[in-house]
Amino acid sequence: MSKEQLEYTEKVMDHYEHPRNVGLVEDANGIGVVGNPTCGDVMKLSIRVENDRIVDVKFKTFGCGAAIATSSMVTEMVKGKTLDEALQISNKAVAEALGGLPRVKMHCSVLAEDALKAAIDDYRQNQKVE
Amino acid sequence: MKPIYMDHHATTPIDPMVLQAMMPYLTDIFGNPSSTTHEYGREARSAVEKARGQLADLIGAQEAAEIVFTSGATEADNLALKGIGFHSSHGKGHLITIAIEHKAILDTVSKMQKQGFDVDFAPIDASGQVDLEALQKLIRPDTILITIQAANSEIGTLQPIAEIGKIAHERGIVFHTDAVQALGKIDIDVVRDSIDMLSISAHKMYGPKGVGALYVRKGVRLASQIDGGGHEHGFRSGTLNVAGIVGLGAAAELAKKELQSEAPRLRKLRDRLIKKIEANLDFSTLNGHRTNRLPNNVNFSFAFVEGESLLLACRDVALSSGSACTSSSLQSSYVLKAIGVPDSLAHCSIRFGLGKSNTEEHIDYLVDLLKKHVVRLREMSPLYDMAKEGIDIDHHQWGEHSHDEH
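Residue numbers (our numbering), protein chains in the order written: chain A, 1 to 130; chain Y, 1 to 406.
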């Protein structure tokens with residue numbers, strides 16, 4: 001692709017306008033918070049893991065349109081997956097599932113990947129304690 | 001349907017009357033104003049001189065010859081600063097400015113600093129207004145120039161240019177002001193306000209892009225920055241952009257004519273917007289000065305809602321934001337930073353730039369849109385939850401961040 005993508009794809013707009021899985025999983029056993037308001041984006045991802053599988057997932061995000069859309073997309077992608085399968089999902093895969101992101105927005109997809117890793121880490125830490 | 005345009009600090013559409021004035025100079029009247037040996041050239045020359053007069057009239061210049069046409073305000077700013085620096089003091093000397101100038105000033109002084117000039121930034125208050133006492137104390141025997149904008153393009157704050165001009169003249173220092181945002185919005189008179197140089201852009205006042213001017217008071221000597229042919233009294237070489245200059249002149253005449261009616265109308269719209277936002281949306285803070293601001297500028301931070309996402313939600317209105325995510329540099333607004341707005345709120349800022357096409361209906365429509373989407377996006381924002389729990393997000397311990405931008 002030689003032409004630089006400047007605008008959001010229809011899929012990004014769809015996830016931005018109708019984000020899936022917004023909120024906090026009530027009986028979450030893993031929570032990841034990444035980002036920083038100083039940098040302009042914060043993502044909180046909560047998961048409910050049962051038998052090593054993500055059975056419920058929700059997000060809350062402060063960030064640009066791309067940050068919100070990638071958050072929404074990542075929740076769709078991991079629901080029902082085992083933890084190891086979920087950890088295989090890269091930021092590039094999330095961006096691709098959205099039909100691509102403008103180059104300057106690629107870093108937003110890193111946030112979604114980081115939030116997922118942080119939530120799974122948190123779950124595993126919780127398991128050790130129990 | 002195209003969005004409602006509300007970004008008039010970025011640019012304005014060409015007024016139909018301005019375009020009409022320009023048209024003949026893009027077609028039949030094509031002569032080079034330097035070719036005074038024939039009719040073609042003389043026609044073009046007289047159009048350029050008419051425009052010079054119209055512009056001089058707008059700013060109260062005593063002589064039309066004090067207007068130097070340029071490619072825009074960026075060039076005018078460069079000519080003013082480098083011109084004075086490399087003429088009067090042979091590459092040395094002291095300049096005073098403020099941190100919220102346009103990049104055409106800031107990048108120029110920073111380059112001059114590297115070349116051996118000294119630069120001081122006069123302190124500004126939380127609204128962006130310069131501290132006059134502190135400014136006076138910065139003046140040194142080798143101060144060659146004070147350059148302070150008339151109005152800020154992001155937060156609309158007006159500077160006390162007449163007072164600054166008086167201070168400069170008492171100390172025998174040249175005073176330059178970038179008046180790009182202010183012309184046609186507030187009354188400026190270079191003689192009354194003791195201004196020695198003033199930068200002008202056509203496209204910010206319903207004229208065409210690619211043309212501007214620098215007012216240079218008679219007696220102020222500048223080193224030219226573009227050489228070859230000695231046009232514009234040797235200040236700026238290059239065949240004149242006749243159609244553009246005619247457009248600039250027509251825009252100046254229109255700005256002067258409409259100032260008395262348009263500025264109060266815009267001020268009313270501005271105050272309506274500020275009042276309605278404050279009445280309808282909590283956690284919203286006005287950036288800049290409440291009253292001492294451009295009649296067409298409003299700038300708010302809507303806490304816990306990132307600016308780019310709000311622009312996207314409100315895309316039926318063309319607006320801009322100080323958020324990092326809307327800049328190519330991925331840095332939030334340096335203007336908001338300089339007046340002490342924390343990064344967390346700079347990312348949440350939206351600039352509303354009102355203009356001739358905007359109406360009360362636009363304001364009401366916009367506020368409804370903001371209400372709907374700020375509430376929706378806050379429901380989605382983890383920061384809003386934290387704030388409701390009483391956590392101060394600016395002093396919270398945030399974890400390590402793997403962002404590319406830092």
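These are computed hints drawn from the structure, not numbers from a lab. Ideal Cβ positions, reconstructed from N, Cα and C, are used throughout, including at glycine. Misleading hints may appear alongside valid ones.
Here's a subset of chain Y near chain A, in silico, CB distances under 8 Å, partners left out [to be verified]:
1. L286
2. S309
3. C314
4. L330
5. Y334
6. D343
7. T359
8. Q397
9. W398
Going by Cβ atoms only, is Y/L330 closer than 8 Å to chain A? holds, 7 Å
Using the nearest Cβ pair, does Y/W398 come within less than 8 Å of chain A? holds, 4 Å
Going by Cβ atoms only, is Y/T359 closer than 8 Å to chain A? violated, 27 Å
Restraint satisfaction for Y/Q397 [CB to CB of chain A, less than 8 Å]: At about 10 Å, which exceeds the 8 Å cut-off, the nearest Cβ of chain A leaves the hint on Y/Q397 violated.
Report holds or violated for the interface hint on Y/Y334, using the least CB-CB distance to chain A and a cut-off of 8 Å. violated, 15 Å
Have a go at the Y/C314 hint: is there a Cβ in chain A nearer than 8 Å to its own Cβ? Hint on Y/C314: violated, closest Cβ of chain A at ~12 Å, above 8 Å.
Hint validation: Y/S309 versus chain A, beta carbon distance must be below 8 Å. Holds or violated? holds, 5 Å
Can Y/L286 be said to touch chain A, with a Cβ gap under 8 Å? Violated, about 20 Å.
With chain A as the partner, please determine if Y/D343 meets the hint condition of a C-beta pair closer than 8 Å. Check passed: Cβ of Y/D343 comes within 4 Å of chain A, closer than 8 Å.
This entry does not satisfy hints 1, 3, 5, 7 and 8, going by the numbered hints stated previously.
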